[in-house]
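Enquirer: Residues per chain, in single letters:
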Amino acid sequence: SQQGEEDPQALSIQEGENATMNCSYKTSINNLQWYRQNSGRGLVHLILIRSNEREKHSGRLRVTLDTSKKSSSLLITASRAADTASYFCATASPSGAGSYQLTFGKGTKLSVIP
Amino acid sequence: DTEVTQTPKHLVMGMTNKKSLKCEQHMGHRAMYWYKQKAKKPPELMFVYSYEKLSINESVPSRFSPECPNSSLLNLHLHALQPEDSALYLCASSQEPRSGSPYEQYFGPGTRLTVT
Numbered sequence: 001s002q003q004g005e006e007d008p009q010a011l012s013i014q015e016g017e018n019a020t021m022n023c024s025y026k027t028s029i030n031n032l033q034w035y036r037q038n039s040g041r042g043l044v045h046l047i048l049i050r051s052n053e054r055e056k057h058s059g060r061l062r063v064t065l066d067t068s069k070k071s072s073s074l075l076i077t078a079s080r081a082a083d084t085a086s087y088f089c090a091t092a093s094p095s096g097a098g099s100y101q102l103t104f105g106k107g108t109k110l111s112v113i114p
Numbered sequence: 001d002t003e004v005t006q007t008p009k010h011l012v013m014g015m016t017n018k019k020s021l022k023c024e025q026h027m028g029h030r031a032m033y034w035y036k037q038k039a040k041k042p043p044e045l046m047f048v049y050s051y052e053k054l055s056i057n058e059s060v061p062s063r064f065s066p067e068c069p070n071s072s073l074l075n076l077h078l079h080a081l082q083p084e085d086s087a088l089y090l091c092a093s094s095q096e097p098r099s100g101s102p103y104e105q106y107f108g109p110g111t112r113l114t115v116t
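Here the protein sequences come in this chain order: G and H. Each residue of the first sequence is one higher than the one before, starting from 1 at the first, in the working numbering. Each residue of the second sequence is one higher than the one before, starting from 1 at the first, in the working numbering.
Only chain G is shown next, with the shape it has when bound in the complex (with noise of 0.2 Å):
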């Protein structure tokens, strides 16, 4: 089942601007991690911030999370053309037998014009 929902689902700029993108969860998470798609490609991991961190930073990537109101939000600052993808945030919960699964919000496809 899903669990992450990003907003908004889509988010088109300008070249240099800012993209801030927001995820809402709905059960208690370990980490939660950030992923980009490129169109019709595998994923890359961005950037993971686990359950007892706020903040966090990777280059141009801002990452915060705030479990009391389970929600995360990801900035990536001084936009590129090359920015254009999917971005999903996905939380990672335990499943049993020492497992963890990602549950993937549904997206937010981000348009970068140049």
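Just so you know, these hints were derived from the structure itself, not from any lab. Some clues are possibly wrong.
Computed list of lysine-lysine pairs in PhoX-like fashion (alpha-carbon distance at most 25 Å, straight line) [to be verified]: (1) H:Lys40 / H:Lys9; (2) G:Lys106 / H:Lys41; (3) H:Lys40 / G:Lys106; (4) H:Lys9 / G:Lys26; (5) G:Lys109 / H:Lys40; (6) H:Lys19 / G:Lys106; (7) G:Lys70 / G:Lys56; (8) G:Lys70 / G:Lys109; (9) H:Lys36 / G:Lys109; (10) G:Lys109 / H:Lys9; (11) G:Lys106 / G:Lys56.
So, partial list: chain H residues that the calculated Cβ filter (under 8 Å) puts toward chain G [said to hold, decoys possible]: (12) Pro42; (13) Met46; (14) Tyr51; (15) Phe107.
Derived list of chain G stretches under chain H, where covered just means 3 residues or more per stretch with a C-beta under 8 Å from a C-beta of chain H [claimed, not checked]: (16) 9-17; (17) 60-72; (18) 78-85; (19) 101-114.
Even for Gly, the Cβ is constructed at its ideal location relative to N, Cα and C.
For this one, chain G is given, so just place chain H on it according to the hints.
Expert: Okay, now just chain H, sitting in the frame of chain G:
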């Protein structure tokens, strides 16, 4: 080597065919996954293998049969599929969780499957 490879890239099969999808990684990961992704939808987990043993089966129909011959390889055997099974099939791998902390997953480029 941080690459997960998948073959074939594209596959067209009839409903009576038997085919297999293959996935390989050489990162020493002991957890491997199969996902199914329909167009404009997020990936949906199908199977999880941990140390070559099936640990999660997300109620996938028996026409999909996974196999993990060794720690580097993961197969998905297909038989008597339906047109609605047409999708992008993604393989992923990760380190096994330690101290209750799961790691990021590395994805292959996927196999685009069309069932006619």
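Enquirer: For every hint, state whether the structure bears it out.
Expert: Cross-check of the supplied hints:
no.: 1; hint: H:Lys40 / H:Lys9; verdict: holds (19 Å)
no.: 2; hint: G:Lys106 / H:Lys41; verdict: holds (6 Å)
no.: 3; hint: H:Lys40 / G:Lys106; verdict: holds (8 Å)
no.: 4; hint: H:Lys9 / G:Lys26; verdict: violated (35 Å)
no.: 5; hint: G:Lys109 / H:Lys40; verdict: holds (9 Å)
no.: 6; hint: H:Lys19 / G:Lys106; verdict: violated (30 Å)
no.: 7; hint: G:Lys70 / G:Lys56; verdict: holds (16 Å)
no.: 8; hint: G:Lys70 / G:Lys109; verdict: holds (21 Å)
no.: 9; hint: H:Lys36 / G:Lys109; verdict: holds (19 Å)
no.: 10; hint: G:Lys109 / H:Lys9; verdict: holds (23 Å)
no.: 11; hint: G:Lys106 / G:Lys56; verdict: holds (22 Å)
no.: 12; hint: Pro42; verdict: holds (4 Å)
no.: 13; hint: Met46; verdict: violated (11 Å)
no.: 14; hint: Tyr51; verdict: violated (10 Å)
no.: 15; hint: Phe107; verdict: holds (4 Å)
no.: 16; hint: 9-17; verdict: violated (count 0)
no.: 17; hint: 60-72; verdict: violated (count 0)
no.: 18; hint: 78-85; verdict: violated (count 0)
no.: 19; hint: 101-114; verdict: holds (count 7)
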